[in-house]
Structure formats: structure tokens, C-alpha cells
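Engineer: Start from chain A and add chain B according to the hints.
2 protein chains.
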Amino acid sequence: MAKQNIFDNEIFFEGYQKLREKKSSANVLFEIPALYSLLPDLKGKKILDLGCGFGEHCKDYVQKGAEKVVGIDISEKMLAVAKKENSDPKITYLQMAMEDIAQIDEKFDLVISSLALHYVENFAGVVQSVYDLLNAGGVFVFSQEHPINTAHAGGDRWTRDENGNKIHLNLKNYGVEGENESVWFVDHVKKYHRMFSTIVNTLTEAGFTIGKMIEPLPDEELLAKYPDQADLFHKPDFLVVRAEKKK
Amino acid sequence: MAKQNIFDNEIFFEGYQKLREKKSSANVLFEIPALYSLLPDLKGKKILDLGCGFGEHCKDYVQKGAEKVVGIDISEKMLAVAKKENSDPKITYLQMAMEDIAQIDEKFDLVISSLALHYVENFAGVVQSVYDLLNAGGVFVFSQEHPINTAHAGGDRWTRDENGNKIHLNLKNYGVEGENESVWFVDHVKKYHRMFSTIVNTLTEAGFTIGKMIEPLPDEELLAKYPDQADLFHKPDFLVVRAEKKK
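Order-wise, the sequence lines are chains A and B.
In this text, residue positions in the first sequence follow the numbering used here: the first is 293, and each later residue adds one.
In this text, residue positions in the second sequence follow the numbering used here: the first is 293, and each later residue adds one.
This is chain A alone, in the form it adopts within the complex (with noise of 0.2 angstroms):
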């Protein structure tokens, strides 16, 4: 199966780097506490990170006291930024596909991945690695776009109103699985789209128990800031997983 790496595309990379440079992205509102939420105490933990990018969570994983982390990317320039701006003597960074995983000869306490699984295709290879690379009572703990929203719209996503504001979600497909092209920043990025039940039966079919799911929603206080983030209650954006290996 094919592996992607969009993310040394010249145009995307660029597009990418301001997108995460934003302190009111939804990654930073949403997606990053909520995947925190979900991790263990970090102290003296081994940990993989998968589609690391530019390495700020790998740094933020040192400096919350893991012993050690490995942070694997598929794209060389995400590696470049990482090294130069997140490098620390507890922080190994490899090139390597989300799908080479297996060959890394090494266990981990932790295997963490922000917002990267959804560009998977193999997802079910992926997870069994993930769960061989486990120590016993080792967690793995994923966000990925949520499956309301990786469902083909095959047309505009939202139906608005005629101030433009979104009225309600064209809910196309959730039921069709697999790669699913969309645009982001450039055209022919690959998302591969996988119902909630897929998820979880993928999970528990390699042998984890699911801990915990989220799907991040704002609280009052966030609303009164961004009063846009109203839309989540259509649809949210993310969905956060912990799952775990037994002792």
C-alpha cells in the first residue's frame, strides 16, 4: 500500500507551517488538550512519537519528564524544522512511514499520534505494530479528523444560510470507507476515511482495551472567545482515542 508524504510538497509545507504558527488553530483549542488529556504521567516513560512533524510535542514530552522519545516523520523537511528548533539530547528523530514502524527493534511505555493516522491506509497494520511495540501495560494514544468528517462530502460540506452562516453538515458516505481526496492547501492530499466501529474493532481485534474516546467539544468559557467553535456542536473535528495493553 501506498505510504503518503504530502507534507514535502514545497506549497503545503508552507501552508502547513502558518496554519500551525495560528494560537487559535483548532489543533491548539481542541485537539492538543484533549489528546493531553488522555496521556499517563510521562515520567521515566519511553516514547514513540508517530508523525512527529515538526517535534514540539516531542519536546513537550521531555520536558513532562520522559526518559526517552523517538520521533518518526515520513517527510524530511517536518525533520529539518524539528531538528534545528525541538532537538534535545532525549529526542532521537527518524525518517521513517507510519508503516515501517515494525522494523524499529526497540519497546516503548507510550506510543502517542497527533492528527497523523488519518493519512494511513494500512490503519490495521499500523495499530499491530503499535501494539507490538508496546510494553506490557503500555498506552496508545491517537487524535485523528473525526469519521463524521473524513465521510466524502462529494460537494460542499455545509449548507448556510444566506449570511453565510452553516445551518447544518451535508453528511454524504459515512458508510463508504477508504481513500477519500480532498483539498488542503494543495489538491490530491489523501485522507482515508474509517467508521467509528472500524476504529474501535480495529483496536480491540490487535489486542489493545479501549481506555477512553473523546470528541472535543467547546466549554462555555471557549465559546465566549471564539464564538465560531459553535459549529463543533454540528459536527466535531476530532476524535482522541486511548487505548491500552494489558499488564
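Fair warning: there could be bad hints in the mix.
Identical copies look the same in the list; a pair holds intra-copy or inter-copy alike.
[Claimed, not checked] Result set (DSS-like, lysine-lysine): computed pairs, CA atoms no more than 27 angstroms apart in a straight line:
id	residue 1	residue 2
1	LYS483	LYS458
2	LYS458	LYS310
3	LYS295	LYS376
Because the hints were derived from the structure by calculation, they are not lab data.
Structural biologist: Below, chain B without anything else, positioned relative to chain A:
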């Protein structure tokens, strides 16, 4: 919290009775096969059926080898039919709300519920009671309306083309949980919307391990016979769950 007994409403009861007689209803085609596929071997098992309705399932369970079946339902009318049409020395029918099952003074190997839990306001309470009523190693299998279906559309659920064919589902308020009055034969049938993550987390917080989930879709054979069912690829009607209590 209120316990709902819409099934003893005359008009509702007659409409529902006719629906259940249809051999090509969504229940018969999708929900029952999915529910049954998640059941363990029933031989010698003690089974509790939550919202047993007309008792067809209870009778089935006995025919599949169950040692004892207790069917509970809040509706007197439903149980009158059950006792008349589906009685058996191994079946006990009790008029009781799902919210009151903690009163039952025996343990079960298996608790099953077909399309009843979306009528329950206190889902966490019922799930905890089910957990407590199960023997170690016991299994809880239930179906409910799909979480995309229980979200309140606040108007037309579907956008259609000029020929009346469904183009997309109008998804609103998926992130707004709670009571959701709908019209189904009569006005004011109360359903309770819960997000996918809430269903999963309620089960794991009660002590259950998630075994498997199914969002039933038609296969090619079924589509050839019932082409209209292709709409389910936009939005499955049901969610079916198997949860397990540790041995």
C-alpha cells in the same frame, strides 16, 4: 429521571405492531442479524432481555438453548402479547422499567437489549445495573439507534433532489446530547441522544471492556433485492455493541 412508556399509547402500539410485522423492515434486515452475530453460544445460559417487547427474542433464545430467560418491559400491552404469543416454561416476563433492574435478585450470563436503550435517560445508571447483574465473564449485547440518527435534525433530516431521492443527511447537533422529541406514529416520543464517545466511555467507566461494535450496512445481495437501502451508506440506522465483564 422520567421513565417513558410510549408503548402503552393506543395509536403508537398499533403503528408499531404493523411495522414489526413487515418482513423487510430495517430491524429484520439489519439490526437483528447484527445483534445475533454478537451473541455467544446461548446453551445453558441465563439471559436478561431489556425491553423485550413482544417476546420474540426471548422465545428465540430458548430455542437456541438458553436455560432461563427473563424478559422485562415497561409496557403492559407489549407483555400481554408476549405472554400470549411467546410463552415458555423457561421464560419469565416482568413489567419493569429498564431503570429499575437493580431490583432483580439474581445474576445472568448475558444481558441483551434490542432497540430500547435510546429511550432511556439515565444510560449510565442502566449500564451500571447491567454490569452488576452479570456474572464474571458475562456479556452485554445491545442495539440502539445510530448516534448520527439520534442527533436532533431540527427540521428535515434529508436533503432530496427533485425526484425525491436522498442526496445527503442534514446533520445538526451531533454534539448536543440529551432529550430529543420526535414523531414516530405519535408526537412526543422521547429519545436520548448520546455521542459515540459517551456510549463507549459509559461502558468502560462501568467496568466493561468493549468487545465489538457494528454499524450495519447492506451487502451486495441485499442491495440487489432492496436498492433503497443504499441510503444506509450515507448514515447507518443502528449501532450494535458487545461489551464484556472480566472473568
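Engineer: If a hint holds in the structure, say so; if it does not, say that too.
Structural biologist: Here's how the hints hold up against the structure:
1. LYS483 with LYS458: Classified as both; 24 angstroms inside a copy, 25 angstroms across copies.
2. LYS458 with LYS310: Answer is within: at 25 angstroms inside a copy they meet the 27 angstroms cutoff, but 39 angstroms across does not.
3. LYS295 with LYS376: within (25 angstroms within a copy, 61 angstroms between copies)
In this structure, none of the earlier numbered hints is contradicted; all agree with it.
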